[in-house]
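Visitor: Each chain is listed here by its residues.
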Amino acid sequence: MREKPEEGILKVKSILEKYPKERRFLLAILQDIQKTYNYLPREALNEVRDYLGIPLSSLYSMATFYKALSLKPKGRYVIKVCDGTACHIRGSLDIVEEIKKQLSISPGEVTKDGKFSLETVNCLGSCALAPVMVINDKYYGNLKPAMVKDILESTGD
Amino acid sequence: MNGMVQVPRRTVLVCCGTGCLANNSMEIYKKLKDKAAELESGFPVIPVLKATGCNGLCERGPIIQVLPDDIFYCKVSVSDVDEIFERTILKGDVIERLLYLDASSGKRVRSFKESEFYKKQFKIALRNIGQIDPACIDDYIERGGYEALKKALFEMSPEQVISEIERSGLRGRGGAGFPTGYKWRQCSKTNDFPKYVVCNGDEGDPGAFMDRSIMEGDPHSVIEGMIIGAYAVGAEKGFIYIRDEYSLAVRNVSKAIEDAYIRGYLGRDIMGSGFSLDIEVVRGGGAFVCGESTALMASIEGRVGEPRVKYIRSTEKGLWGKPTVLNNVETWANVPVIITRGAEWFSSIGTEKSKGTKVFSLVGKVKNTGLIEVPMGMTLREIIFGIGGGIAGSGKFKAVQTGGPSGGCIPEALLDLPVDFDSLSDAGSMMGSGGMIVMDDRTCMVEVARYYLKFLSEESCGKCTPCREGIRRMLEVLEDICAGEGREEDIELLLELSETVKEASLCGLGKTAPNPVLTTIKYFKDEYLAHIKEKRCPAGVCKKLTSYRINPDLCRGCSLCAKRCPAGAISGKQGKIYEIDQGICTVCGTCREVCRFGAVEVAGRATE
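Chains as they are written, first to last, in UniProt numbering: chain A, 1 to 157; chain B, 1 to 608.
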């Protein structure tokens, strides 16, 4: 986005065009932008503000309220470790500890190379496979801390 | 099949619910499909392959069923595909090693229906799941789908539909158990248009995944229920709000809506009845509080999902200030069956005040984890030890947590409690959306309370003070207790804070937030006292209050613990008794996990 602002804004415009100018589509629009850029760039939010006529402050309150949205870029691979109850009592925090050790990042942070970001989520609804984590769209179930290193190493660009 | 001349045309159902997908079931499905496609077109028994929704037995996935032989295979891997195709699908032979191993009887059973897990269940909301391809509307129609809609539109008046639902005794499956028929009647009486119907698919309770399974595995049942409800109350627009994390559910529901439009079950003048309805999918944004009805409506409107005070019910002023009926996924899925089979049939199932069935996700430290549906009133013992097959591993049952973060922990003494809306509330817990998390003696109840409060403090929207500040203060107290900093007066303080948060919070999130704390104090006070007075965690979970030691009478000197210890804290010689160096030990619990002789014991805080 930084290198070619015109191209970036074009992408935002094509997202906006899909939706009528109604407030009720705001969350969907922001989710599409999040999906395209891995975060909500300021320039994109300006476009949304102009398109829907909603003040930037409201967009910020949306961005900070909903977990699916973020104002900072996420990693290319987003690791979501489930900390739902079933995973929790089957040791999900030990998995988080192991990832922290391997990647030197805490939940909410991104690795220096921008490859991974780490999050904990409240239940992926796969409790039978607890503990579970998802890297982008791939599920890993019945995890043990010892499995973490291999999984991270086999996740490549 | 011996003696039969004709070879049956076999249908192969491959489970492609989220649980099985995580174990590669899509690859198995594709490979089977390729193999079927390779058969010559003149081949007499070209099998039909279907990718179905979740069978409920996620732990044994991937699952394959072969019909009409009714053969049920578990834990199938891609390398088994050739053999399954050649032997079972083409010839009807049973492959013994892939059959389901019944945890209760220890025997392998050929048909799923013979298993203890299945026998005690009664399926209404889950009636089609695992039997149909959710992406195929004809599969749904073949099993009687959209018949209820025809009956409602052409043989019943809206008033008759409402009275049928009222008489059935159906109560909301989302948690609170509000009578569905009464809600519909309130909305139909309101003379303000347009009206809306909403499906709450923002299943946020950790440990619950029944709504996900229904939306993924049988989306048309939800859509049909909503059309009937909209007809009854006079709504012309519907929304299905689906949790952000459930991408497969979004995909399957969207496809089902498209197909329903094509067949004329949605849109203008449905089947020539003059009644019209549009339904749209709305993706959630990842906020637990949006499962609360008024917060969910704010979110559909494109706003921050904060709840409002409910002096005026949503049935009068809901979405955009207009009359709205909001029901949970499972509630909607029950509606078509009630219309088809009648209120008398439905109300003959269950208990006096809780009719029908309830879907539960039975998870945690239980042998058969998965999704089950049972008549209301079955006891916790039957569910956990009958269907669930008892506790997994060597642990002992300690508690079952129901109702998600707003529910409570029920101890062993209450295992014979019949499960319905009222008896669970009386025990201090609640039905909630139906998560049932089994905990054993290696689960610390104080830490469980801390876990839920941590969850709720993060999910509190912050609008009202008792919830925002009260939960946070309670969490701080619990964190202190878990860290060994607890004081004797803390229990009293927790009870006092609980009362304020319960009384003064704006919405259901805050009003029920103290439940995990109150029930654990009520039933497991000794654990709180052990943490506070003796500075030890009986379950060995709270690391600051735990140390491990090897009991010399039980240690056989096998060296396994020393080999597995990630910190290198265990020393000794093979054949001799091993010892843990408390200065190096990180209390990770690996030694206790791997010891086959139960020689690693939990002790209180290590004395340096």
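It is possible that some hints are incorrect.
[What the hints assert, rightly or not] PhoX-like, lysine-lysine: derived pairs with alpha carbons at most 25 Å apart:
#, chain 1, residue 1, chain 2, residue 2
1, A, Lys144, B, Lys75
2, B, Lys150, B, Lys255
3, A, Lys21, A, Lys11
4, B, Lys353, B, Lys367
5, B, Lys255, A, Lys18
6, A, Lys138, B, Lys30
[As the list claims (entries may be wrong)] Not close to chain B: a few residues of chain A, all C-beta gaps over 12 Å, as computed:
#, residue
7, Leu30
8, Asp83
9, Leu103
10, Lys112
11, Gly114
12, Lys115
13, Leu129
None of these hints come from the bench; they were simulated from the model.
Note that this is a predicted model, so its numbers are computed, not measured.
We put the beta carbon where it would ideally sit given N, CA and C, even for glycine.
Visitor: Does the claim that A/Leu30 lies outside the interface with chain B hold up, using a Cβ gap greater than 12 Å?
Guide: Since the minimum Cβ distance to chain B is about 8 Å, A/Leu30 lies within 12 Å and the statement is violated.
Visitor: For a C-alpha distance cap of 25 Å, please report whether B/Lys150 and B/Lys255 respect it.
Guide: holds (21 Å)
Visitor: Holds or violated: are the alpha carbons of B/Lys353 and B/Lys367 at most 25 Å from each other?
Guide: violated (31 Å)
Visitor: Straight-line Cα separation of A/Lys144 and B/Lys75 no greater than 25 Å?
Guide: holds (19 Å)
Visitor: Should the label of A/Gly114 as a non-interface residue stand, given a Cβ cut-off of 12 Å to chain B?
Guide: The claim stands: A/Gly114 keeps its Cβ more than 12 Å from every Cβ of chain B (closest is about 22 Å).
Visitor: With a cut-off of 25 Å on the C-alpha distance, tell me whether A/Lys21 and A/Lys11 pass.
Guide: holds (17 Å)
Visitor: Hint check: B/Lys255 vs A/Lys18, CA-CA at most 25 Å. Holds or violated?
Guide: holds (19 Å)
Visitor: Just double-check A/Leu129 for me: nearest Cβ-Cβ distance to chain B has to come out over 12 Å.
Guide: violated (6 Å)
Visitor: Going by Cβ atoms, does A/Asp83 stay more than 12 Å from chain B at every point?
Guide: With a cut-off of 12 Å, A/Asp83 comes too close to chain B, as the shortest Cβ separation is near 8 Å.
Visitor: Is the claim that A/Lys112 lies outside the interface with chain B correct, judged by CB distances over 12 Å?
Guide: holds (25 Å)
Visitor: Minimum Cβ separation between A/Leu103 and chain B greater than 12 Å?
Guide: holds (17 Å)
Visitor: What's the verdict on A/Lys138 and B/Lys30, does the C-alpha distance respect the 25 Å limit or exceed it?
Guide: Within the cut-off at roughly 18 Å; holds.
The structure fails hints 4, 7, 8, 13 (numbered hints given earlier, in ascending order).
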